[in-house]
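Asks: Using the sequences plus the hints, can you model the full thing?
Listed below, chain by chain, are the residues.
Number of protein chains: 2
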Amino acid sequence: MGWGDLGAFGEPSKETPNLDQMASEGMLFLDFYTANPLCSPSRAALLTGRLPVRNGFYTTNAHARNAYTPQDIVGGIPDSELLLPELLKKAGYINKIIGKWHLGHRPQFHPLKHGFDEWFGSPNCHFGPFDNRALPNIPVYRDWEMIGRYYEDFKIDLKTGEANLTQIYLQEALDFISKQQASQQPFFLYWAIDATHAPVYASKHFLGTSQRGLYGDAVREIDDSVGKILKHLQKLGISENTFVFFTSDNGAALISAPKQGGSNGRFLCGKQTTFEGGMREPAIAWWPGHIPAGGVSHQLGNVMDLFTTSLSLAGLQPPRDRQIDGIDLLPAILQGKLIDRPIFYYRGNEMMAVRVGLYKAHYWTWSNSWEEYSKGIDFCPGQNVSGVTTHTQEEHTTLPLLFHLGRDPGEKYPLSFASDEYQRAMEQISVVVQQHKVTMVPGEPQLNVCDKAVMNWSPPGCEKLGKCLKPPKSDPKKCFWPH
Amino acid sequence: MGWGDLGAFGEPSKETPNLDQMASEGMLFLDFYTANPLCSPSRAALLTGRLPVRNGFYTTNAHARNAYTPQDIVGGIPDSELLLPELLKKAGYINKIIGKWHLGHRPQFHPLKHGFDEWFGSPNCHFGPFDNRALPNIPVYRDWEMIGRYYEDFKIDLKTGEANLTQIYLQEALDFISKQQASQQPFFLYWAIDATHAPVYASKHFLGTSQRGLYGDAVREIDDSVGKILKHLQKLGISENTFVFFTSDNGAALISAPKQGGSNGRFLCGKQTTFEGGMREPAIAWWPGHIPAGGVSHQLGNVMDLFTTSLSLAGLQPPRDRQIDGIDLLPAILQGKLIDRPIFYYRGNEMMAVRVGLYKAHYWTWSNSWEEYSKGIDFCPGQNVSGVTTHTQEEHTTLPLLFHLGRDPGEKYPLSFASDEYQRAMEQISVVVQQHKVTMVPGEPQLNVCDKAVMNWSPPGCEKLGKCLKPPKSDPKKCFWPH
Numbered sequence: 000m001g002w003g004d005l006g007a008f009g010e011p012s013k014e015t016p017n018l019d020q021m022a023s024e025g026m027l028f029l030d031f032y033t034a035n036p037l038c039s040p041s042r043a044a045l046l047t048g049r050l051p052v053r054n055g056f057y058t059t060n061a062h063a064r065n066a067y068t069p070q071d072i073v074g075g076i077p078d079s080e081l082l083l084p085e086l087l088k089k090a091g092y093i094n095k096i097i098g099k100w101h102l103g104h105r106p107q108f109h110p111l112k113h114g115f116d117e118w119f120g121s122p123n124c125h126f127g128p129f130d131n132r133a134l135p136n137i138p139v140y141r142d143w144e145m146i147g148r149y150y151e152d153f154k155i156d157l158k159t160g161e162a163n164l165t166q167i168y169l170q171e172a173l174d175f176i177s178k179q180q181a182s183q184q185p186f187f188l189y190w191a192i193d194a195t196h197a198p199v200y201a202s203k204h205f206l207g208t209s210q211r212g213l214y215g216d217a218v219r220e221i222d223d224s225v226g227k228i229l230k231h232l233q234k235l236g237i238s239e240n241t242f243v244f245f246t247s248d249n250g251a252a253l254i255s256a257p258k259q260g261g262s263n264g265r266f267l268c269g270k271q272t273t274f275e276g277g278m279r280e281p282a283i284a285w286w287p288g289h290i291p292a293g294g295v296s297h298q299l300g301n302v303m304d305l306f307t308t309s310l311s312l313a314g315l316q317p318p319r320d321r322q323i324d325g326i327d328l329l330p331a332i333l334q335g336k337l338i339d340r341p342i343f344y345y346r347g348n349e350m351m352a353v354r355v356g357l358y359k360a361h362y363w364t365w366s367n368s369w370e371e372y373s374k375g376i377d378f379c380p381g382q383n384v385s386g387v388t389t390h391t392q393e394e395h396t397t398l399p400l401l402f403h404l405g406r407d408p409g410e411k412y413p414l415s416f417a418s419d420e421y422q423r424a425m426e427q428i429s430v431v432v433q434q435h436k437v438t439m440v441p442g443e444p445q446l447n448v449c450d451k452a453v454m455n456w457s458p459p460g461c462e463k464l465g466k467c468l469k470p471p472k473s474d475p476k477k478c479f480w481p482h
Numbered sequence: 000m001g002w003g004d005l006g007a008f009g010e011p012s013k014e015t016p017n018l019d020q021m022a023s024e025g026m027l028f029l030d031f032y033t034a035n036p037l038c039s040p041s042r043a044a045l046l047t048g049r050l051p052v053r054n055g056f057y058t059t060n061a062h063a064r065n066a067y068t069p070q071d072i073v074g075g076i077p078d079s080e081l082l083l084p085e086l087l088k089k090a091g092y093i094n095k096i097i098g099k100w101h102l103g104h105r106p107q108f109h110p111l112k113h114g115f116d117e118w119f120g121s122p123n124c125h126f127g128p129f130d131n132r133a134l135p136n137i138p139v140y141r142d143w144e145m146i147g148r149y150y151e152d153f154k155i156d157l158k159t160g161e162a163n164l165t166q167i168y169l170q171e172a173l174d175f176i177s178k179q180q181a182s183q184q185p186f187f188l189y190w191a192i193d194a195t196h197a198p199v200y201a202s203k204h205f206l207g208t209s210q211r212g213l214y215g216d217a218v219r220e221i222d223d224s225v226g227k228i229l230k231h232l233q234k235l236g237i238s239e240n241t242f243v244f245f246t247s248d249n250g251a252a253l254i255s256a257p258k259q260g261g262s263n264g265r266f267l268c269g270k271q272t273t274f275e276g277g278m279r280e281p282a283i284a285w286w287p288g289h290i291p292a293g294g295v296s297h298q299l300g301n302v303m304d305l306f307t308t309s310l311s312l313a314g315l316q317p318p319r320d321r322q323i324d325g326i327d328l329l330p331a332i333l334q335g336k337l338i339d340r341p342i343f344y345y346r347g348n349e350m351m352a353v354r355v356g357l358y359k360a361h362y363w364t365w366s367n368s369w370e371e372y373s374k375g376i377d378f379c380p381g382q383n384v385s386g387v388t389t390h391t392q393e394e395h396t397t398l399p400l401l402f403h404l405g406r407d408p409g410e411k412y413p414l415s416f417a418s419d420e421y422q423r424a425m426e427q428i429s430v431v432v433q434q435h436k437v438t439m440v441p442g443e444p445q446l447n448v449c450d451k452a453v454m455n456w457s458p459p460g461c462e463k464l465g466k467c468l469k470p471p472k473s474d475p476k477k478c479f480w481p482h
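Here the protein sequences come in this chain order: B and L. Heads up: the first sequence runs through residues 0 to 482, numbered per numbering that gives the first Met the number 0. Heads up: the second sequence runs through residues 0 to 482, numbered per numbering that gives the first Met the number 0.
Errors might be hidden in some of the hints.
Identical copies look the same in the list; a pair holds intra-copy or inter-copy alike.
What the hints assert, rightly or not - DSS-like cross-link-like pairs, simulated, lysine-lysine; straight-line CA separation at most 25 Å:
id	residue 1	residue 2
1	Lys158	Lys411
2	Lys13	Lys227
3	Lys203	Lys476
4	Lys472	Lys13
5	Lys13	Lys336
6	Lys469	Lys234
By construction, these hints were calculated from the structure, which means they are not laboratory data. All of these numbers come straight from a predicted model, not from anything done at the bench.
Replies: The structure is reproduced here in structure tokens:
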């Protein structure tokens, strides 16, 4: 989902009444970011509070490449990483993930090995259907074991876009919350729905109900579900004791537009890029009785902050034996403070850009390669900013391209190198970047090696269902990451 | 000002708290249009309820050209046109225009000859300063006579952007409202401020207060002023008896961005074009006690509707001896009804596009000429949609380019000509267009002839101020309209 997909963020159809109400009862973050312009690394960052380049969710196979966890990925979240649920456990929290995990699908990466107590969902994206020969269909898990596969037991009709998965995820959420309330146990629910990820889907009741087509139908169903979750918290009388945060793991995938892709508002490009459209996210904090209703914050925020903020809410300290990139947002949320901090935009282990205050400096620019672009793969459809949305990797490390995101949120007008404003801003930014680089200790890259043998052929529980498949011979290779 | 310039419409800095509050107390129109992608024709349409091609505010000098009322224009609003204030007068209304008139600056076009009782402002844009030899500085009027000139008596500092004009316009508005309330007379106030039109300006108190630079400062001052006007109505106890509508006369002029130009959100291009960015406008209706607070409407609306709606509010009928294009929006505003009506997008006397429901069909596409574009004049900076934002006038009358504005508000993905959806939509649209064309009787074009002798050399009142200038010899010519 993108920044511009919510009515509260200016989506012209204004079809998200529940999220808009959540914003009017809570706080809207207008300058909130994800840690990476795509899924797996962002989710790893969210749960570890650390940049992907630290927690290992990146590749060094080629320069500045986006990488994630497809079925043939060998790596995943390392045991050495401390995840939010592992830490919350120490404070008595029961932790559940509903939906897409995406931090590795092999047994050692299983969410229940990393702090979660319960899981309903899938380790990978819901791509398919596959033939179970070249590629197995993606499994859906309940806790430790698979309970079926997409397109077999969990239907997605690619023709009509119909699937009832969001409804299942919603019911799982409501049930989990009820159970925790009944047992008076604190809980952490990571509700990782994926209806707006291609192939986009919605349940029958929502199909055709949006001005925006199937994508809008999916947004409406998510919006409706969020409303039901919030109402459920209120009905159970625990809304004033439950902190809820809504955000996304990357900008809308414009490559899938208009049928399967959303909106990043007026921001440049989308998912896969380090322009604002790729990484600025819708974000709403909700906590009745604590967060002032109708608040708006310009605090520079990041999904990694949810790690630190959640620990703070649980009365815990972040780990001290490692660099944590997330900050505690509570002073911004509860007291309206503005905390000075930069935002880093990475592709692989390359820092492409940095935001300090309202200035954003691009040290590298790249949308995608000419080769990909010539095949019709376009991450900036209808947009073209000369020297910015480049199709060759352009290095600007000696003289970064500088934008003022207040006057120019669309990153169209680089400041003149000769201007005083450029000089002043870059002096400040250079210090931030230098400090970041000298203290940077990259983790072991997890997304370098691919092997068809590790795919979801025989996930735990497959034998009970008669759904075990025979893996091919192991043949580990460098993964190919085209962009 | 553009669709995307208000916080309520998703401007990322969210610096319009008063307009946003106006929206939350009133009704937000998300699908509201102006009648033309630039100033004079839109304002003529607003005040006559008629398309510019009917009321004469267009040119036939070249195909599909935008025209307005610069100083050397010979034409203006014809006496045969009935303006809103002329009609409201019959119901006892006192009418005032504050700000830019733009319907012709020669004596016969004076606003007080066309129904207004009072005027404070100027007939033309605040361009300048001029040398009073080749071009006279633009006069500022109080009622029948000029009281000074821009850059002489009414300062605009082009270096700092400082000018206190919005404050003067605000005070004029507050005073007028107070006077009418005291005398218990119904009133129509046309508050036509122009701080966001290049050269953009703001008063000292607002300079440097926005994230968005000078343009944002101007928006903030307008926002602040709107808030003060609404509060004034409330303080006087007449808010429940006063209908207020906020909108703009064209999309943000992206040619002036980023320093002097605003935002059209995610819509395509800006002022001067018939893409959504050129003609979809921010719009808010406010009438406490009558309009349900926090309402949102998808009614297709147009500035011309303010003519018909205002008459309806005053208990008057629109004239029956001519075609009126504006509709009465009260059923949409008060009862949430959706009235079926098309939106026409014109350049000159050419119908470039039409919107019916969520479909928009382009019969002609043109952003501007290659010649202009090669000089750096770009109405779609950073945007380029192949075959759509064309630099030659492209005719599509036999096979219009069709967009679904729900799925694709940015007009990036024309529907396939071969699709059933295209066929179905075009069948419906063709009927609307045919009906429009056969009943179209264009007015006498007013914007064809230019003459330096008619410029503001010696406006009424100049002799009292010693500010009369000698006009050159009359030399009428066809005006040159480059786009």
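Asks: Hint by hint, say whether it matches the structure.
Replies: Status of the hints after comparison with the structure:
1. Taking the closest pair of Cα atoms, Lys158 and Lys411 come within 25 Å of each other only across two copies (23 Å); inside a single copy the shortest separation is 38 Å, beyond that limit.
2. Taking the shortest alpha-carbon separations for Lys13 and Lys227, only the intra-copy value of 18 Å comes in at or below 25 Å, while the best inter-copy value is 28 Å.
3. Proximity of Lys203 and Lys476 under a CA criterion of 25 Å is satisfied in neither setting, with 42 Å inside one chain copy and 64 Å between copies.
4. With identical chains, the CA atoms of Lys472 and Lys13 are never at most 25 Å apart, being 51 Å at best within one copy and 57 Å at best between copies.
5. In this assembly of identical chains, the alpha carbons of Lys13 and Lys336 lie at most 25 Å apart only when taken from different copies (17 Å versus 30 Å within one copy).
6. When the C-alpha separation of Lys469 and Lys234 is checked against a cutoff of 25 Å, the pair qualifies neither within a copy, at 48 Å, nor between copies, at 79 Å.
Of the hints listed earlier, those the structure fails to meet are numbers 3, 4, 6, in rising order.
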